[in-house]
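Student: This is what each chain is made of:
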Amino acid sequence: MNEHEQIGQPRRRIEGARKVTGQAKYAAEYNVPDLLYGYIVNSTITRGRITAIDEAAARSVAGVVEIFHHERRSKLPGFDVIYSDMDAPPGSPFRPLYDANIRFNGQPIALVVAETFEAARYAASLLNIHYEEESFDVDLLTNLARARKPSKGLATLIKPLPPGPRGDFETAYAQADARFEGHFHHGSQHHNPLELFATTTVYEGDGKLTIYDKTQGTTNSQLYVSNLFGLSFRDVRVIAPFVGGGFGSGLRPQYQLVLCVMAALQLRRNVRVVMDRAQMFTFGHRPETIQHTRFGATADGKLTAINHVALAETSRFEDYNEVVVNHANMLYPADNVALDYKLVPLDRFTPLDMRAPGGSTGMLAIETTMDQLADQLGIDPLEFRLRNYAERDVSADKPYSSKELRECYRQGAERFGWSERKPTAEVNRRGNRLVGHGMSSGIWDVIALPGKASAEFTADGKLIVSSAVTDNGQGTYTVMTQIAADELGLPLEAVSFQYGDSRHPLSPIQGGSYTTAVIGSAIKAACRALRSKLFKLAQIMDGFPLGDALPEDVRFVDGAIVLKKDPFIRVSLTDVIAFNHGKSVTASKSNIPNIFRLKQYTRAAHAASFVEVEVDEQLGIINVTRAVTAVAAGAIMNPHTARSQILGGMVWGISMALHEETLLDVNLGKYINTDLGEYHLPVHADIHDLDVIFVEEHDDVINELGAKGIGEIGVISMAPAIVNAVYNATGKLVQVFPIKVGDLL
Amino acid sequence: MPKPVTIRDNPSSHHITLQVNGLETTLRVPPWVSLLDALRDHLDLTGTKKGCDHGQCGACTVICDGDRILSCLTLAVMKDGARVTTIEGIGTEDRLHPLQQAFIDYDAFQCGYCTPGQICSGVAMLDAGHGESREEVKDLMSGNLCRCGANTNIIDAIMAVKEGKYE
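Chains as they are written, first to last, in UniProt numbering: chain F, 1 to 745; chain L, 1 to 167.
In isolation and in its complexed conformation, chain F is listed as follows (with noise of 0.2 Å):
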């Protein structure tokens, strides 16, 4: 028999048919009665502040019931470390509606509440504000002289800074045979779940109080909540057992959360705020990022010199990271490097992991130098990265954990056809439209912490295994239901998993690949525990069948404890809750990485892309025709929702590279895109053939699953890739992005 039943196995999601018919409740979807509606109003100066507000136009439209702002609020707590979340930044969070000070254009400045959605909509139109505008400083471009260094806090040790110096660059870089230098850019760009962001809170009564959020964290909204309006953590319960979409949006607890929560404390009455999409674009996003890249490398390839500096903006409140330079030396095993990265605090909201953050940013900058310096080099783009293959992280001097990236070039390669690739300076053209084809590496670290879960036997033969753990979208739930049936020996359908409620066991912003590790991990972790507890009650059950086994001695398979040796000796684990009085049985566990352990490796998922790109000769568009990406991830647990995964993270690959940025008015301070009609995602006639390859990885350091997480190594490789199709395509080399049809005329 196979040792997994069900992990590693392709399976349907299970909420599938809920998602399909209508049936799966988001957060604004819960009609519960007596709601109030809140429209949220924000400013439309850039800095300064609130000199007045007029609320007699918006108080006279009927059905309005309350207004709250900075002079009609609850008290807020005046220590900045009360208003930190689970993603916080170094730095004094923004707080809602706290004074009059407007920090940044959008700021949510009011809250108007009615008795129907239209009459808050439409007071919310009426509220007079008066401003006292100062000037501000939006624009990345002509304020890069006051970079400076991040400060370091929580997030720097999860994401950490730049690594010092190694060897000497400068002379390096002169004395190499082939040079190229980089300057590239790409503006901000926001998120944009589809779902926009709502609460729906209900007020119980007795300071009590059931918020539906959308979020990526129950537990961190939960907390944030609690903190900021001084109630108990038991007396809240954030529920979000369907996500749409949150790509990094949902990390932080938004201002929705605060005003529907204020609302429905003060006026004691259920209370619905939902973002409208103008909205999505008023808080973090990817920040717009400046990067130089300075390469060189001998005759025969071999890459010598690194130098990244990445120039990035943040608010003038918190100074938000990524990793963004770190990754062409883990790559590329060069003697002299030199990285930096560097914030420039702006007046603009503070940025925001945004999917695959800081990595999709940096590689985008390595791989188009690796393709440039390959091209000087008259080497195959594939051969050069071969040359340069790192079996050692030579920037940490540590081994990987598990690297199979050579693999994943081969196999990519081959299933695309990469040896059909012509060289830059030949025309390869398909009527007339030029044909290119590119390649990048792709790279993601992996992230482990600690997770909570808990995981009953039922009486009735039911495991039910829990975690606040959200999903939002990635497959969370089915797959930790794999997860638990296999180490019980049960079939799926004998598997409930409770996740997306605050009441469940603590687990992590679900964020950065982590969570099928840190809570697939703790989920094992839990029935283990369980198991162990069943088999010691087995074990005393009268005529005492597994009476002298040990642990090891046995297996949970079918439903029942089976001896190994002699599996017709078997206990039905129904039979084990019988012998306990019909009561279930339950364990709980934290599931803590041994970071002793973990520390003497280079840990990180690793992806190829291949890409073919047409480019229209007279219009300049581009459309990708077809891509593969060959994915290294250690074990995956369900081939079905993974590819998914790894096609979602392609599509943003191909936004990145072609369609998606939000423009800024420099002058006016604002986001001048702020709808779905002007900031563009690929629709469905701009993705065309995608193929996605899992190659074989084992890991048995990284955790117990051997998982690395996939929610971002599939966007990493693939803007890249298409940057170097175009440039093989047309031999120009556009370094802004995204790539615009006037680029390439």
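Among the hints, a few may not be true.
Heads up, simulated EDC-like pairs for lysine to aspartate or glutamate below, C-alpha to C-alpha not over 20 Å straight-line [stated by the list, open to error]:
(1) F:Lys-25 - L:Asp-44
(2) F:Lys-342 - F:Asp-139
(3) F:Lys-25 - L:Asp-94
(4) F:Lys-25 - L:Glu-93
(5) F:Lys-533 - F:Asp-548
(6) L:Lys-165 - L:Glu-132
(7) F:Lys-599 - F:Asp-700
(8) L:Lys-162 - F:Asp-689
(9) L:Lys-162 - L:Asp-80
(10) F:Lys-302 - F:Asp-397
(11) L:Lys-162 - L:Asp-127
(12) L:Lys-162 - L:Asp-139
Because the hints were derived from the structure by calculation, they are not lab data. Keep in mind it's a predicted model, so treat the numbers as computed, not measured.
Fit chain L to the supplied structure of chain F, relying on the hints for placement.
Tutor: For chain L alone, coordinates are given in the frame of chain F:
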């Protein structure tokens, strides 16, 4: 089945009758209430999603008298007397429409938020006999955004139904 209708009265409210998922439904709505909000907030049919309220994302797509329409750009009062099919009327968990089954089989969704709109859009397109080729289907489905990037799986699911794999 939809729950009893909540009527939030307003002097300017209108009586309208909609055939919603085969059920004659009378409601009183002010003229400024969108069909989307009428479905979600008044009839508790929350399967129809609000993604932008501007007709730019397609999450609110419903089938009205056989055509796929954006319910956020439609006022409820405009559709007095119309037949409206929402995702709840396409199929149920026990009796899935072939396209709903195909969406599950092809993993044509992740977060599930754009899914009702994609399915309504796909069903109406298929019923109308539109979309000759995969490329045409992509074009005709391009009013429905998917931020999770399930695009290829969505088109695969529609093509599978179109090619008769679910008959």
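Student: It remains to establish, for every hint, whether it holds in the given structure.
Tutor: Here is what the structure says about each hint:
1. With a C-alpha separation of about 11 Å, the suggested pair Lys-25 (chain F) and Asp-44 (chain L) falls inside the 20 Å cut-off, and the hint holds.
2. For the proposed pair Lys-342 (chain F) and Asp-139 (chain F), the alpha carbon gap of about 15 Å is at most 20 Å, so the pair holds.
3. Note on Lys-25 (chain F) and Asp-94 (chain L): the hinted pairing holds, with a Cα-Cα distance of about 18 Å set against a maximum of 20 Å.
4. Between Lys-25 (chain F) and Glu-93 (chain L), the direct Cα distance comes to roughly 14 Å. Compliance with the 20 Å bound is thereby established for this hinted pair.
5. About 16 Å separates the Cα atoms of Lys-533 (chain F) and Asp-548 (chain F), which keeps this hinted pair within 20 Å; it holds.
6. Annotation: proposed proximity of Lys-165 (chain L) to Glu-132 (chain L) holds, straight-line Cα distance about 16 Å (limit 20 Å).
7. Using a Cα cut-off of 20 Å, the hinted pair Lys-599 (chain F) and Asp-700 (chain F) holds, with the two alpha carbons roughly 14 Å apart.
8. Between Lys-162 (chain L) and Asp-689 (chain F), the direct Cα distance comes to roughly 19 Å. Compliance with the 20 Å bound is thereby established for this hinted pair.
9. Between Lys-162 (chain L) and Asp-80 (chain L), the direct Cα distance comes to roughly 32 Å. Violation of the 20 Å bound is thereby established for this hinted pair.
10. Taking the CA atoms of Lys-302 (chain F) and Asp-397 (chain F), the gap is near 19 Å; set against the 20 Å cutoff, the hint holds.
11. Among the hinted pairs, Lys-162 (chain L) with Asp-127 (chain L) is consistent with the structure: their alpha-carbon atoms are about 10 Å apart, no more than 20 Å.
12. The hinted pair formed by Lys-162 (chain L) and Asp-139 (chain L) meets the criterion: a straight-line CA distance of about 15 Å does not exceed 20 Å.
In this structure, the one hint that does not hold is number 9.
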